[in-house]
Every structure is written in C-alpha cells, then in structure tokens.
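Whenever a hint applies, use it, and build me the whole structure from the sequences.
Protein chains: 2
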Amino acid sequence: MAAARGGDPRAVARLISLVERGGEELAELAGLLAADTGRAEVIGLTGAPGVGKSTTTNELVRALRAAGRRVGVLAVDPSSPFTGGAILGDRVRMQDHATDPGVFIRSMSSRGHLGGLAAATPMAVRVLEAAGCEVVLVETVGVGQAEVEVASLADTTIVLLAPGMGDAIQAVKAGILEVADVFVINKADRDGADATYRDIQGAIALGERGPGEWRPPVLRAVASRAEGIDDILAALAKHRAWLIEHDVLVGRRRERAEVEITQVALARLRARVAAVTGDAALPALAADVADGALDPYSAAAKLLAALNQTADPDRP
Amino acid sequence: MAAARGGDPRAVARLISLVERGGEELAELAGLLAADTGRAEVIGLTGAPGVGKSTTTNELVRALRAAGRRVGVLAVDPSSPFTGGAILGDRVRMQDHATDPGVFIRSMSSRGHLGGLAAATPMAVRVLEAAGCEVVLVETVGVGQAEVEVASLADTTIVLLAPGMGDAIQAVKAGILEVADVFVINKADRDGADATYRDIQGAIALGERGPGEWRPPVLRAVASRAEGIDDILAALAKHRAWLIEHDVLVGRRRERAEVEITQVALARLRARVAAVTGDAALPALAADVADGALDPYSAAAKLLAALNQTADPDRP
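So the sequences go chain by chain: Z and D. Reminder that position 158 of the first sequence reads as 158 in UniProt numbering, one-by-one numbering, no gaps. Reminder that position 136 of the second sequence reads as 136 in UniProt numbering, one-by-one numbering, no gaps.
Think of the hints as simulated: they come from the structure by calculation, not from any bench. Don't take every hint at face value.
[To be verified] Just a sample of chain D residues kept apart from chain Z, beta carbon distances all over 12 Å, derived:
(1) T99
(2) G132
(3) A226
(4) A235
(5) I244
[To be verified] If you anchor each label on the Cβ, the simulated ranges turn out as follows:
(6) R21/D to E213/Z: 26 to 32 Å
(7) R190/D to D100/Z: 42 to 48 Å
(8) W214/D to R198/Z: 46 to 52 Å
(9) P283/D to E213/Z: 18 to 24 Å
If you're wondering where the values come from, they're calculated on a predicted model, not measured in any experiment. Cβ coordinates follow ideal geometry from the N, Cα and C atoms, glycine included.
Now the structure itself:
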C-alpha cells in the first residue's frame, strides 16, 4: 500500500489485480483507500470497435503528460472472461508510455468480481488516485449496456464515433446519448464524416434539455495524426468548469457512490444465494421446475425462505 | 390465457409483453404456465451484427413450416433499453410469415424485467410452448456476454459467423466457443469463407473434449439464397438425438431452471435493496463515500443491516 502510494507501478498493478479478483480482502483495501476518493478527474471514453479508442487515448495521454499531469488509464472490457491484455492487441501501442513513470496503464475485466465492473471500476480508480494520478481515463471496449454503465461512472464521458459505421443508431440503441458529455468524430478526414456529424447533432437536438443543462459538443479529430486532441482537452476542461460552476460534480459523485454501494450490497446478497445454492435445495427445485411440477417464482420464494434461515453475517 | 393456448396471436403477444415488463403478476402467470414447460425444442441462434441472423432465422422458419411444424421466434436484444421492434429494421423481413398462423414472431428487450433476460426468456419460451409451438428459435442480437448467456438457455445453440469479420477472435472473447453446439458460416460464397472455416475448426480443436462429448460441426450456408438450410436442420436433429441418447437434455434443462430460479431470487433481493434505497439511508451513505469519509464496503454492510431490519415478505 505504501509502495503504491509512492507510485511503484508493480505495487499499483498488484492492487488493481486484487480489485479485479474481488475477494474478501477488498473490504480492508476499501477502508485504506477511502481517503483518496475524489482526487482525480475521471474521464470515461467509449465507442464501437474500430473507432480508434486506443489511438485517441494514447494521444490524450501524450497531451496530458506534455501539460505535466500524472495520468492513469483503465482499459475495461466488460464482456471479456479473460484479462484484457492478452486479447487487446492494440493495447501494445500504449507501450509509447511504458517507460514514463507519470503514466499507469492497466487492462481490466470483470471475470472474478462479484459486483461486476460497476463496483470494481471505482475501486480501481481509487487505487490510481492513491498512486498520485491527477487524471484517470476509463476506456471501455464495446457498445453494449455494460460499457455505457462503466463509462457513466466518470465525471465526464467522451463518446467516440467514426464515419460510416451506423454509430448514431448504435448510440441510440445503447443509451449512449444519455451519458455522453462530449462527442468526438474520429477519422474525420474520411468520407461520411459530415453525415455522421449531422446524424449525431440531430440525435442531440431530439433530446430534451432544460435551461442551464449541458449540451454535448460534437468535435472532429484524426487521432492517428494527433489532430483535434487539443480541442478534446479544451472540451473536457469546459465541461469540468460547468460541472463545478453548476454544482453538478458533487451530485454526480454521490450518484456514483450510490451505484457502487448498491453493487457491493447486491454482490454480498448474491454470494449468500450462491452459498445456499451449494446445498441440495436448488438442484431439487430446478428438477421440479424443469419437469413442470413447480414454477420458477414459487421455487425462488422457497429458495429465499431457505436463505433467510441461514446464518446472516450482516445482521447486527 | 385460454386464448393464448388456443393460439390467438394477440393473446400470445400480450402475455409476452407481460413477461417483458416483469411485474408482480408474473408470479401468477408462472404458476399457470408451469405445466407447459419443456414441450418445445428450444434453439438458440447468436452471432455478430451483419452475419445474417434474421435471414437465416427466416429460412429456418420457412423450412420448419414446410415440414409442418409450429414455430415461435423470440428476437432478443439484451443491450436495448427499447422494445426491439422499433430499431430492428431487418425484422421487417419476418413479415414473410406474418399471415401464417403456425408462426409466432416477437422481439423482446429486458428494459423492465428485474431478473434480466436470463429470467425473462425462459418464461417467454413457456408462453410460446403453451400456444402450441413445437420449435422455439431464440435469436440474440450482438456478441457480448449477455447474448451468450441468453443463447445458452437453449437446448441447442447455433453460432452464426460470416467470412472476414474477425469472428473467431470475437467468439473466443465472448465465450461463444463454450456454448456453441453448431457453427454456421453464412455468406459462404464470399472470399475468406475458407479462412473462417479453418480459424473456427482450429479454435474447436483447441478445446478439450472427453470421449462421447459433442464436437460442434462447422457448416456453410448462403441464407439469402436458402442454401445450406437443410444441413442446419439435419445438424439440429443430430444434436437433439445426441442430447437424448446421452441423457444430456434433462440435465441441460435442469441447469437452465437453476439459472432461472436464481435470477428470479436475485431480482427479489434486488427489489428489496431498491425498497431500502428509497429511504434516506443510501444518499447519506453515498455522500460519506463520495467525500472519502466511509468506504463502499462498510457502507454496503450498513445498508444490508438496514435491509435485514425491514419487513421480509419471503420469510415463512
């Protein structure tokens, strides 16, 4: 813990692995990290495969480092049952920053964590905050509901699009419009960038927005040539100023804490169900349901009755 | 209910909407449907966007109808917060069967269902079984973990691939290899079909398989020209015979019932947490966590202590 606070990359990596596994030790770690909560600006970055998330993250890290800021990157893959590193080939590009002691980069999946990434990610962010990161980029791989949830754990969420990928419809489907604070059309030098720009502006215009509410800007970038990166940083700074000026940041962070607490509580309840389902109770109930002798709701009620009769470690 | 059993499409649609919403009435419906459990062959079909799932489903329905079998189709979109119909433009093609009283087609999302699709899908399948369907096709849109879980609720799961989409890696990432009983390379007339065939055969060869275990066949099809559909039906029949011969079908259905019961039980626990979080308890805890005065694990323990003190409807 002391080594991680000192910024030792191996100590930081070990703590994040601990968070990823999500064992009982986490409760203790959580207590040690509580005081570090909220130190960093947390930026979410999400978008479909192929829009250039890694390249954009890479350039954002470069620009933030040039401004002298310590940066952490969490690349999160909710759908992967593996640790991210082995599959995410393009993560190799992040090696640009491998020797920079002011950058921590880590892939993370939810394979072991009972509370899922909604509980694991804020804890991993806290580890990076304890290690001295001033900005933490949370990059999610994919466009599903899970990715949107993870991205929305940030203070500011960037949604990355690319021309001609039907992203506008995908974004609507996945509920991305609701969580995006900044849209970036990457590969903006390609055909179709204008159409994507119009699509997404049209979708934004459809959303109802009260006076004083943030209207997400739509930026253009070509991350592979480092074009448009300064505009993104400017939009991030503007959104942060708005969050503070309108007293929204505190509320967002409290909402995030509500989600996190609820996820941890649910994980504990789930663990109790799992403990009961280790018994003979569930297989017998399942056999009746499969045979049509019992319905799943009645079976669940019986299971919960058994659960309530077991020892309850959380009862005061 | 009587009308749905009589095969009235509107009554069936209403019951599936009820399942999708997932309200308290479901417990009663579940009791009424229990006896219909297990009547149909349940076929899962999953694959990335663009591989031709709808076209393939459409042709499978046509072939099954030609063989005189009553068919139900559930098109499931785990990531969509909307009902499927509005977004899924290609569902229009299913209109081929719109006037056939032997076919029920329905899009479904998990927007309201507390237990998620893992609990909603088997109940919707039961509705279709009660309406007299002999085969139910469950088609999932997407390639994430949620889609895999839904597809694995079937007796037999088809994974659809297309040439040149990097599907093999996607399949490995999403854990599809573990749940696939039949692989189909659609659009097999395109360049790259042989490479995809080799990739997926290579991935299958890597998996450990005991003697007597099912080895998934890899088929080729061009669904848009109705080519290869008979081969798929033959593979489905062969897999079904294997399931029965090796006494695997009963076990699979019991495992499914275990998942379903657990999901319903978790949904009830989640509802209890939600009932508590309506109180002032959670916001106060969240404020402390956001300020770093408390860690989320201690907060969750306090929340669960409050939960245990509330009235418990499942306690006998």
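Here is what the structure says about each hint:
1. T99: holds, 29 Å
2. G132: holds, 16 Å
3. A226: Given a closest Cβ separation of 27 Å, the condition holds.
4. A235: holds, 24 Å
5. I244: holds, 15 Å
6. R21/D to E213/Z: 26 to 32 Å: Since R21/D and E213/Z have Cβ atoms about 30 Å apart, the given range 26 to 32 Å holds.
7. R190/D to D100/Z: 42 to 48 Å: holds, 44 Å
8. W214/D to R198/Z: 46 to 52 Å: 50 Å Cβ-Cβ, so the 46 to 52 Å window holds.
9. P283/D to E213/Z: 18 to 24 Å: holds, 22 Å
Of the numbered hints given earlier, the model fails none.
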